[in-house]
Amino acid sequence: MKAIVIIGTAALLLMFFVLLPQPHAPLPASSAAAELDSNSFVLGPVRLFDGEQWRDERYIEVRDGRVSQLHLAKPDSQLPLIDGNNQWLIPGLIDGHVHAWGDALQQALNFGVTTVLDMFGDHQFLVAQKAARAGTERTTQADIYGAGTLVTAPKGHGTQYGMAIPVIDAPEQASDFVAQRLAEGSDFIKIVYTSPKALQRFAPSIDLATLQAVITAAKVQGVLAVVHIADSPSAQEAIAAGADGLVHSFFSAPVSAELLQRMAAEQRFIIPTMTVMEGMIVQQINDELLLQAPPPQLTPAAISSLQQRFGNGLIPKQRYQLLARNTEQMADAGVLLLAGSDAPNPNTAHGVSLLVEMVLLQRAAVPTLQVLQSATSAPAKAFGLTEVGYLRSGFKADMLLLSQDPMQQLTTLLQPAAIWKNGWRHQVKLPAANPAISAGLIADFANDVTARSGALAASSDSMMQGRSSAEMRWQQGVLQINGATRPGFAYPWAGVAWQTADSMETGSNFSGITGIQFRIRGTPGQYRLDAFSAGSFMPLSQHFAVTADWQTIEVPLAAFNGLNTEAVSMLLWNGPQGEFQFELDNIKLL
Amino acid sequence: MTSGMTSLAIYQKEAWYDLVSVWRTPGFVLPALAFPLVFYLFFGVLFSPSGSGSQAAYMLVTYSCFGIMGPAMFNFAMSIASDRAQGWLTLKRLSPMPVSAYLLAKMATSLVFALLIILLLFSAAALFGEVRLYQHQWLGLALLMLLGTVPFALIGLLLGLTLSDKAAPGVVNLLYLPMAFLSGLWLPVTMLPHLMQQLAWLWPSYHLSQLGLKLLAMDQGHAALLHLALLLVTSAGLTLLCLLVFRRVIGAK
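Sequences listed follow chains A and B, in order. Last residue of the first sequence: 590 in my numbering, with the numbers rising by one and none dropped. Last residue of the second sequence: 843 in my numbering, with the numbers rising by one and none dropped.
Extracted from the complex, chain A is given alone in its bound form:
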């Protein structure tokens, strides 16, 4: 009897559980973020920074690549759920100061920089990339907003890069000049200005009247005008002239109370670009944060760029303290600060240097919340961006998931747990290891001008509008170069270049090489061998004397101090000043 009761109860219980209703559609199982192939989903639970502040909401609903809603609890939704594991979610970062070309936008996205503001570059590149930013298509690159061609004086800063650009020299041209920039596709106007009161003038500058005229023209035509300055008087005059923002800070003098007050009251912004200045003065931050164990996303070219220094190194270290103090005071005064790297200038690389900049801002005693804003909501506010910079309804689902609290550990930004661009999970494609090159003969010109790896070609500054020239031809088992080195370009060159690999972007790995040997004779004089790291356009040079008789020259690789031997892109033999002819033979690596 007892047994029957027990069995009966058990059977009833079993029946109860069998009869409980089951879902018809499969439950939205929580899936690993990487598996999802859609830009509509719910992500959570996360701690959420919306660009401005930390929110109470724990779940974010993304539809078609845009934030649709934030929720306190898991919303009732058919959308797939991505487990946020209570990690930290912040908007994709905005680099407020870059110069983008080539694969810059891909490099940026690999570090979670989902939007860049280009402060001078090829307007055709800008126009070509701009189209993508309006939608939420799947992409491997960051969005770009840009100034296109900058506004500078004849021979002013910006003209030295070998790209022929229009220049301005009188206020009357301002309106047309701005109109032309807008017609080319510029999103805003960037002006280079140095005050006559500045202690150092590195290049010719437009005058104050022209600066005022250009700023006015920009305002009339409905766009922002931002100004490149490098010193305190120029900053004061630019702000007084009505500039919306300054795209660099300065370390020439402490920032004046008047400038602070005015910038804060009139809501002008500044992009201090401390990273690039750190590279001029201190040159430690990259070694500390990045180069000990370089993040795997860094390309060899990017590493070269991070190792590169501005030549002189003569600026006293205290100047950096002054820069940091200026930054702190601006933050204190309530001036809108934007994080910007100025990549790919020396000491910087796309993407990663924005993270370095944020660390430098934090070390300059800018509160961490403001540091996070400086790369999210602040640039959106400053430049009137309505698609990015916030995780709020309607904004693009450009997001970073961080495994640590950035308020406690800002460097967690260097290794985001996940990156979403336009709501698509971005899979970082790691750069392939460079092919190693082995010692031995590269070219003996016995039958032709081919090289064992890469290729040889005549090269001169004529490609950068310089006045030098070079031609090469194969003659009786040697390589003959005829040319002339003439002043005109800032760094004149003429000779023959060996591109060491098929790609200039990657170069070859020279780790196993100790030196370069070659036979040479020609017009007697001082010749120069330049070595280039991938991603760098600044050569490292070794000089040698050439005579009319054949001689064998050996240059140890170590002589090129600072060369990234893991990514050597080019070796360039330059002839002497004036007209020359030389012959090259038996190029070997040792």
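Simulated from the structure, these hints should not be mistaken for lab results. Virtual Cβ for every residue (Gly too), placed ideally from N, Cα, C. Just to be clear, a hint being listed does not mean it is correct.
[To be verified] Listed next, the in silico BS3-like pairs over lysine-lysine satisfying Cα-Cα at most 30 Å (straight line):
1. A:381 <-> A:219
2. B:603 <-> B:804
3. A:219 <-> A:197
4. A:2 <-> B:603
5. A:2 <-> B:756
6. A:155 <-> A:130
[Unchecked claim] Just the calculated beta-carbon pair ranges, DEER-fashion:
7. A:9 <-> B:718: 18 to 26 Å
8. A:203 <-> B:788: 53 to 61 Å
9. B:686 <-> A:85: 36 to 44 Å
10. B:788 <-> A:296: 33 to 41 Å
11. B:619 <-> A:2: 21 to 29 Å
12. A:292 <-> B:788: 49 to 57 Å
13. B:677 <-> A:2: 47 to 55 Å
14. A:427 <-> B:789: 35 to 43 Å
Given chain A, work out where chain B should sit, using these hints.
Relative to the frame of chain A, chain B by itself:
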């Protein structure tokens, strides 16, 4: 009959009579069964946005948790306190029945009530709340809630051993209701003020409900092992305390 069977019979009889004596106390049975059911129907079903099973499912977990806590805490705390006061505990200890039979009987009663509450709430959820779960989720939740009675039974035991029979009901209520609220059993924990959300970590009921919600992928996302470990540590600590107090109680008598 072997002595083993005899002692098994003692365990069975003690459990049966404990259950019968509790069952004959309507003042215990009615609130224990009705409160969670009515609350759940009210907050989980009626107030739930129509066509959405998700709030009803979330609340099913939290009110199940709320439901199973009650009988465990009350049965242990109140009957042990009154058994002590009326001298029953002394009498039972003088009888050949092992003390463990006495405690396991109380545990069995708590489990029966927990099971009844689970059956009631699951039925309400399925019939009125449009809750649809996979079989492993229904079963997993039921098993979790049955096992989850242990820490609350231990809390009840501790209170029963220390409080007078007059103080016990009041003190249990004073602990039960705030603990349920602060663990997010009545309202989702995310709707509580930030400080309370952090304090929720103190309560075993928070960890039990989070484990239950994890089965439905509705938890706050902390590691299951962390919740489990905290529950085990709490239970171990309570067991230790109970043993100490029990020795003292025996010594005093």
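Right, here's what the structure says about each hint:
1. Distance check on the hinted pair: residue 381 of chain A and residue 219 of chain A sit about 17 Å apart at the alpha-carbon level, within 30 Å; holds.
2. The hinted pair formed by residue 603 of chain B and residue 804 of chain B fails the criterion: a straight-line CA distance of about 38 Å is larger than 30 Å.
3. Proximity of residue 219 of chain A to residue 197 of chain A is assessed by CA-CA distance (about 26 Å); at most 30 Å being required, the pair is judged to hold.
4. Taken as a hint, the residue 2 of chain A and residue 603 of chain B pair is honoured in the structure, with Cα atoms around 13 Å apart against an allowance of 30 Å.
5. Restraint check: the Cα-Cα separation between residue 2 of chain A and residue 756 of chain B comes to about 38 Å, which exceeds 30 Å; the hinted pair is violated.
6. As the CA atoms of residue 155 of chain A and residue 130 of chain A are separated by approximately 29 Å, the hinted pair is consistent with the 30 Å bound.
7. Remark: the range hint 18 to 26 Å for residue 9 of chain A to residue 718 of chain B is upheld by a beta-carbon distance near 25 Å.
8. Between residue 203 of chain A and residue 788 of chain B the CB atoms are about 57 Å apart, so this pair conforms to the stated range of 53 to 61 Å.
9. Checked against the hint of 36 to 44 Å, the pair residue 686 of chain B and residue 85 of chain A fails, with Cβ atoms roughly 55 Å apart.
10. Between residue 788 of chain B and residue 296 of chain A the Cβ separation comes to about 37 Å, which falls inside the hinted range of 33 to 41 Å.
11. Distance hint for residue 619 of chain B and residue 2 of chain A: a CB-CB separation of about 23 Å, consistent with the stated range 21 to 29 Å.
12. Checked against the given bound of 49 to 57 Å, the beta carbons of residue 292 of chain A and residue 788 of chain B, roughly 37 Å apart, lie outside it.
13. Under the hint 47 to 55 Å, the C-beta atoms of residue 677 of chain B and residue 2 of chain A, about 32 Å apart, miss the expected range.
14. Take residue 427 of chain A and residue 789 of chain B: their Cβ atoms lie about 40 Å apart, and the range 35 to 43 Å holds.
Violated hints for the displayed structure, listed by number in ascending order: 2, 5, 9, 12 and 13.
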